[in-house]
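Participant: Spelled out, the chains give:
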Amino acid sequence: MDFAFTKEQLMFKKEIIRFAKKEIVPRVQEHDLKKQFDFEAFKKLGEFGILGLHFPEEYGGSGADVITTVMAGEALGEAGVDGGLTLAYGAHTFLCADTIFSHGTEEQRKKYIPKLASGEWIGCMGLTEPNAGSDVASLATTAEKKGDKYVLNGSKIFITNGPLADVSVIYAKTDPEQKHTGISAFIVEKGTKGFSSGPNLIKMGVSTSQTSELFFNNCEIPAENLLGDEGEGFNMSLQTVEWDRSALLAPFVGAATYMMTRCVDYAKSREQFGRKIGKFQAIKQKIANIRIFGEAARNLVYRIAWCKDQGRPMNHLEAAVAKLFVGDWSLGPANDAVVLFGGYGYCHEYDMERIFRDSRLAPIGGGTSDIQKMIISKLM
Amino acid sequence: MNYDFSDKEFNLFVEIHTLISEFVKDKNLESSDINTSAENIRQALALLSQTPYLKLGVEKAENYNGLLTLMGAMEVIAGTSPSLFLSIETSTRIFGRILSTWGSDSQKEKLLNPLLNGQIIGAVGLSEDALNVDNDPLTTTAVADGDSVKISGHKQYVINGPTADWIAVVGMMNGKNVICLVEKGTPGLTIGEKTATLGYEGVAISKIILNDCTIASSQVITPKNDKDMLNTLKLWENQILIGAGLGLMKTAFESAKDHSKKHKTGGKPIIAYQEVGFKLSEMLTLFQTSQLFAYRAAWTADTDPKNVESLTLCAKVFCTESAEQVASEAMKILGGSGFLSGHPVEEAFRCSKYGQIAGTSTEISRVKIGDTALGMNK
Ligand SMILES: Cc1cc2nc3c(=O)[nH]c(=O)nc-3n(C[C@H](O)[C@H](O)[C@H](O)COP(=O)(O)OP(=O)(O)OC[C@H]3O[C@@H](n4cnc5c(N)ncnc54)[C@H](O)[C@@H]3O)c2cc1C
Ligand SMILES: Cc1cc2nc3c(=O)[nH]c(=O)nc-3n(C[C@H](O)[C@H](O)[C@H](O)COP(=O)(O)OP(=O)(O)OC[C@H]3O[C@@H](n4cnc5c(N)ncnc54)[C@H](O)[C@@H]3O)c2cc1C
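Protein chains in written order, with the working numbering: chain A, 1358 to 1737; chain B, 272 to 649.
Only chain B is shown next, with the shape it has when bound in the complex:
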């Protein structure tokens, strides 16, 4: 047992913290302009590719602890810019892991190396119009046509949709779930307008429509166990949302704490009032408990993959619910200042709602955790 990060891991956290906080200084990361978003992600990816960050969880990174190190590092990036975080992670940790886990050597050669060098942006189209893949089969279909494959269907929300160079589209082919790697500009691929959202405004999210979109059959990935594939994609998404939760809590808690020590009423700093100080104590309790939960779930993913799904759902429910609660309480401690648009905590509060909706939703997660305990897994 060991509850400490290594010195090497700590140094990495400090390094990426320095890089990213320097980077965000003169940028508008919450801009809803697509070109600005694209430029921001490209620059951030290039910057991070100088560190082992992009490799974590995707490829072996010597002397680091895989997902566990990643979880610590995710908190740093998500705590600096939630939007940048979500874009980077979707590209690196979902698109990237699709390639590293199931991709052929030539697909890896062509896409994974540039991805980890920060040269391309990836996106993933999984969930569909009013469909949660947990309940219903996918309606996007791929049909073989000689040496090529024709894809038709649409995906409702695709992170990085408008900015991605490549999109991994999940659909059905011959009754099995497959992943089609579709390059930007492929005929038959239409990228929708950027969707306006409550939080994460700096992330370019759109609908994508595929209409007999034709790709080479070498761009189709057919994992052996296609049912597991969908669960694995959700697992990766859940891991990202856990990391986002930690970052949002960090922002909200630190900001509220600092404010409560500086801001005075009745001649005392407001932290001296129990209504404020005790609230902060509860927030810190949720934050620390979430951190340990997230680290153990990440550690389990690396050491005991058989038991990871259910434990990750537990961690996801806890961390995302805590993030929403901590952000909400922080707003109250910040008083009027936290309600002003553009305040980091106001932003964290809005973003926090997403964690419970996306990935495996809080409700479905609880059902699945129950199913596992009851031995009723489908």
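Looking at chain A on its own, in the form it has when it is part of the complex:
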């Protein structure tokens, strides 16, 4: 057993933090307040190479290993990038682009990956429906084959990047009689007739990410937009879970470090009762809670990443443990950070309240904590 990162990985992390602090973080608060997507920041992520980090160079990526890729997410969180932008990046790179990369034909890869890796195109993934969330297999959107086309009917909800996406990976039933085995995955491009998205849903947190419904009304797509074979969709969605439990969780780990750093700075400068509040044990306790959470979560997230780098089949139990821990155990520390800042913590000017709101997605998105417990208790 060995928990060391390589020198290159550590250097790269520093570089990302420097880049993000300079280019992205100054823009975060304004966009969060307006609940606006930061197109420029997203483009900069693309230019820096983050959006396509793990794809091979021939597809516009950098061929990075999983640990380095996960580290990039941690670094963004650590620098103070908001959960909205990191979610948009996660949905784009891992839920959308990686599904195309992992299951697409050479033609599909060539057509989509370079433009997604550079950020020229934005991607999204549509699985959840108004009546099918945790119970994904009951999804009702259909894809009926007609000659050399598929015709899609139905709707999706809570889709990150939904209102913006140029490329969508959409799960639909090619065999509505079946549950899991009836699901297939398709690529749907923006502007396709019969395909539209709803307005941005106003959310509690991750506000700079744009979330919407997607509507399919006799939407015709070419048959070659099917990813893999019919009926393989459910397994594809399961495979993205590995990324979901590592790269998409990593920003939360980074955010814990960010919270701690900000709390330490504040505790050293704020005075009450004639002394710095950092002298009070109650303040030290809060800082300790944040550190303990961050250190604990980090090990879980990198364990998933390391196993994926080793080419091991996904360990669903360990993945669910990581998701459950980050989701449920982050509440206390995030709350501590808000309270440590007193009234300022409750105000938008200081970003603790934003991080608190952003962190509340962790026990919901990508499978709720209850669903993680269901998985763990079945597998144990």
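Where hints are given, some of them may not hold.
Stated by the list, open to error - List of simulated lysine to any residue pairs, SDA-like, C-alpha gap at most 20 angstroms: (1) K532/B / D1359/A; (2) K1400/A / E1477/A; (3) K1735/A / P540/B; (4) K1364/A / K577/B; (5) K521/B / M1737/A; (6) K528/B / L1736/A; (7) K1536/A / F1591/A; (8) K455/B / D483/B; (9) K528/B / I1728/A; (10) K1560/A / D1359/A; (11) K533/B / K1636/A; (12) K577/B / D1359/A; (13) K1364/A / K535/B; (14) K521/B / L1674/A; (15) K326/B / E280/B; (16) K1636/A / G646/B; (17) K1625/A / G646/B; (18) K381/B / E454/B; (19) K421/B / P494/B; (20) K1735/A / K533/B; (21) K535/B / L1736/A; (22) K528/B / K1625/A; (23) K1472/A / N1582/A; (24) K1625/A / L645/B; (25) K1735/A / E454/B; (26) K1735/A / K326/B; (27) K1636/A / I635/B; (28) K381/B / S488/B; (29) K533/B / K1472/A; (30) K1468/A / K1625/A.
As the list claims (entries may be wrong) - So the derived label-pair ranges between C-beta atoms look like this: (31) I628/B / N1692/A: 23 to 29 angstroms; (32) D376/B / Q1596/A: 57 to 63 angstroms; (33) G1585/A / D275/B: 27 to 33 angstroms.
Read the hints as simulated data drawn from the structure, not as lab findings. Heads up, the beta-carbon is just placed ideally off N, CA and C, and yes, glycines get one too.
Given the coordinates of chain A, assemble chain B with the ligands onto it according to the supplied hints.
Facilitator: For chain B with the ligands alone, kept in the frame of chain A given last:
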């Protein structure tokens, strides 16, 4: 990076598991009789000395990963018998490391080799009457008197006090913290009655009193940096308590899991009820998170000693709090059976309380972690 134990390490875990679970079969390890405790520890030490276990973290053990291997192995022993574990570890990993880290060649020759061969039991007297050494200076004093040294003072709780052949007594001499190696039976050394405790009843714990207790000056250890010495002793104690936490969680979790699969109500095994299955999921999450935390803290101790203290405190708080929580939840899943005296989970529950009190207490740990983050370390 590598998240796996090696095959060699795994084999060691299996080997000591087999040895220890065979050993405990017909023994009463929670007996409050001192002679029984002494006999149990001596036999267990002799048995374990056939494996590399006792050496881990104390001496170089070829092909093993020092403290990291030890942490994995500690879970095995603590998961089999908490009392045996605490006694063995105090003797080996605290008394033993005092010798291996600061002892002279002759002290090592005389005590360390027999200790690692399972021939003697050690104890450590550090904390004092209503004193937490983190806040207050020690009141036990050692005074030079020609070629000998006279020690006076008392220590409130000493693990292995009544069973130890040698006790390392920490005190002040010429304004510095020193360690005095005191042999059983030395005139002036009084061992108190065994203290009755909530958990770890099989461990012989007592007060010790030193009244002009005279030892040869060659039995005094004077580490160069005496302030660091106290922190190091606490660090070692914390590492043991982390290992204990893992073992207690293992016992509690496995027992509750097995029960929930076998025990049926309303025609289904109780694990099928979310109130039970989800509780187990939370317990397993705490357990796995604790394991990785403990391993990383141990790895850091071996690879990056500068940063070990604070990370170990983080791991200690997490693992000992988790142990208490997991044991408590396990009791509920076990229903009435877990409440019966003598059930391993009832025992784990009682023992788990100790982890947060001993070593660096949970409260002081959090303060220290905060101090480190704030750059306010004393
Ligand atoms: C900001 C945001 C972004 C998102 N982005 C995407 C995206 O890009 N693509 C996408 O496809 N989806 C996305 N989602 C959807 C997300 O994955 C779902 O919200 C989530 O899986 C939960 O589904 P649901 O909302 O339908 O809740 P439900 O499944 O209706 O759950 C309601 C409640 O019931 C509980 N519950 C459900 N089943 C059980 C059970 N068997 N046992 C115990 N408790 C149960 C749940 O834990 C929850 O508390 C996003 C959601 C949000 C909020
Ligand atoms: C069964 C048992 C066996 C033991 N074995 C040994 C042994 O073998 N060798 C040995 O040397 N010691 C041993 N100890 C002693 C153990 O390490 C001490 O009990 C422990 O360090 C706590 O000290 P205390 O009991 O004096 O409590 P105190 O230090 O008085 O603490 C009481 C409470 O106040 C809190 N507190 C104290 N100071 C602060 C502060 N500055 N900030 C915030 N909170 C604070 C503590 O967290 C705790 O909640 C043993 C104890 C027991 C119960």
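Participant: Now tell me if each hint is right for this structure.
Facilitator: Hint check results:
Straight-line distance between C-alpha atoms of K532/B and D1359/A comes to about 35 angstroms, which puts the hinted pair past the 20 angstroms bound. Taking the CA atoms of K1400/A and E1477/A, the gap is near 7 angstroms; set against the 20 angstroms cutoff, the hint holds. Among the hinted pairs, K1735/A with P540/B is consistent with the structure: their alpha-carbon atoms are about 12 angstroms apart, no more than 20 angstroms. A C-alpha spacing of about 19 angstroms is found between K1364/A and K577/B, which places the hinted pair at or below 20 angstroms, so the restraint holds.
Restraint check for K521/B and M1737/A: satisfied, since their Cα atoms lie roughly 13 angstroms apart, inside the 20 angstroms limit. As the CA atoms of K528/B and L1736/A are separated by approximately 12 angstroms, the hinted pair is consistent with the 20 angstroms bound. Restraint check for K1536/A and F1591/A: satisfied, since their Cα atoms lie roughly 9 angstroms apart, inside the 20 angstroms limit. Of the supplied pair hints, the one linking K455/B and D483/B holds, its CA atoms being roughly 15 angstroms apart against a limit of 20 angstroms.
A hinted pair counts as satisfied when its Cα atoms are at most 20 angstroms apart, and K528/B with I1728/A qualifies at roughly 19 angstroms. For the hint linking K1560/A to D1359/A, the alpha-carbon distance of about 41 angstroms lies beyond 20 angstroms, and the restraint is violated. The suggested pairing of K533/B with K1636/A is violated, with an alpha-carbon distance near 52 angstroms, which exceeds 20 angstroms. The straight-line distance between the Cα atoms of K577/B and D1359/A is roughly 17 angstroms, inside the 20 angstroms bound, and the hint therefore holds.
Simply put, K1364/A and K535/B have alpha-carbon atoms about 54 angstroms apart, too far for the 20 angstroms limit, and the pair is violated. Proposed proximity of K521/B and L1674/A is supported: the alpha carbons are some 17 angstroms apart, at most 20 angstroms. Of the pairs offered as hints, the one joining K326/B and E280/B holds, with about 14 angstroms between alpha carbons and a cut-off of 20 angstroms not exceeded. Only pairs whose Cα atoms come within 20 angstroms are accepted, and K1636/A paired with G646/B is accepted, the gap being roughly 11 angstroms.
Our distance criterion of 20 angstroms between C-alpha atoms is met by K1625/A and G646/B, whose separation comes to about 10 angstroms. For the hint pairing K381/B with E454/B, the CA-to-CA distance comes to about 12 angstroms; that is within 20 angstroms, so the pair holds. Simply put, K421/B and P494/B have alpha-carbon atoms about 19 angstroms apart, close enough for the 20 angstroms limit, and the pair holds. Our distance criterion of 20 angstroms between C-alpha atoms is met by K1735/A and K533/B, whose separation comes to about 15 angstroms.
Our distance criterion of 20 angstroms between C-alpha atoms is met by K535/B and L1736/A, whose separation comes to about 19 angstroms. For the hint pairing K528/B with K1625/A, the CA-to-CA distance comes to about 46 angstroms; that exceeds 20 angstroms, so the pair is violated. For the given pair, K1472/A sits about 17 angstroms from N1582/A by alpha-carbon distance, which is consistent with the 20 angstroms threshold. Distance check on the hinted pair: K1625/A and L645/B sit about 7 angstroms apart at the alpha-carbon level, within 20 angstroms; holds.
Our distance criterion of 20 angstroms between C-alpha atoms is broken by K1735/A and E454/B, whose separation comes to about 55 angstroms. Distance hint between K1735/A and K326/B is unfulfilled; the C-alpha atoms sit about 40 angstroms from each other, more than 20 angstroms. In summary, the hint linking K1636/A to I635/B is supported, as the alpha carbons are separated by about 14 angstroms, within the 20 angstroms threshold. For a cut-off of 20 angstroms, the pair hint linking K381/B to S488/B stands: about 15 angstroms separates their Cα positions.
A C-alpha spacing of about 55 angstroms is found between K533/B and K1472/A, which places the hinted pair above 20 angstroms, so the restraint is violated. The hinted pair formed by K1468/A and K1625/A fails the criterion: a straight-line CA distance of about 53 angstroms is larger than 20 angstroms. In this structure the hint that I628/B and N1692/A lie 23 to 29 angstroms apart at CB holds, the actual value being about 27 angstroms. About 60 angstroms separates the C-beta atoms of D376/B and Q1596/A, a value consistent with the hinted range of 57 to 63 angstroms.
Judged by the Cβ atoms, the range 27 to 33 angstroms given for G1585/A and D275/B holds: they are separated by roughly 32 angstroms.
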